[in-house]
Amino acid sequence: MFKNIVFIVLVSLFLNACSDSEGMHFDYSDINNTIGLTVEPSNTLQFQDKNRGDILKFKLYFSPSELTPLGIDSETTNYGSVFENNPPFNPIDCLSEAAYNDFCTVSIKMSDNATEGASGSIRLMFYYNLDNIEDTIGEIKYHQLKFEYRNEP
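If you're matching positions, the sequence shown starts at 261 in this note's numbering and goes up one per residue.
Just so you know, the hints here were simulated from the structure itself, not pulled from any lab data.
Glycine included, C-beta positions come from ideal geometry on N, C-alpha and C.
DSS-like cross-link-like pairs, simulated, lysine-lysine; straight-line CA separation at most 30 Å: (1) LYS369 x LYS317; (2) LYS369 x LYS310; (3) LYS317 x LYS406; (4) LYS406 x LYS319; (5) LYS319 x LYS369; (6) LYS310 x LYS406; (7) LYS369 x LYS406.
Ranges between beta-carbon positions, derived for each pair: (8) SER289 x ASN350: 19 to 29 Å; (9) SER325 x SER371: 32 to 42 Å; (10) SER341 x LYS319: 24 to 34 Å; (11) ALA359 x GLU300: 17 to 27 Å; (12) GLY296 x GLU394: 16 to 26 Å; (13) THR396 x THR375: 36 to 46 Å; (14) SER367 x SER341: 11 to 21 Å; (15) GLY313 x MET284: 36 to 46 Å.
Using the sequences and the hints given, assemble the complete structure.
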């Protein structure tokens with residue numbers, strides 16, 4: 261795992277050195293919006309009765325030249341008792357998948373014993389590869405995804 265993190269950091273530093281985006285402003289504090297990232301269907305997945313036991317997926321559309329995924333922030337993760345990241349998110353696989361498909365997926369599974377109103381969230385971690393502002397180069401960008409069980413259309 262440590263080797264993977266070192267590899268990701270080295271790749272992001274290389275991409276940053278090769279970039280030429282003068283004066284771009286990246287808002288590191290907005291956890292719901294990330295420049296260069298589009299989430300489908302949205303930042304929130306809504307499970308219903310028909311989804312009990314199923315795995316639903318967030319599709320993360322991004323260019324690996326702009327963003328490097330680092331993983332899920334374990335300090336802010338809240339799967340509750342009925343959700344899990346299954347299969348587990350792997351930033352290396354995500355980067356590879358995005359290079360070929362322009363997107364990668366984050367899979368969330370809801371257990372069969374979920375009760376309505378259950379919710380959870382995760383924060384993905386990224387590097388902005390195009391950031392060349394000395395004060396923010398190397399900062400981690402967080403993007404929050406939420407999931408909930410609501411039996412409403």
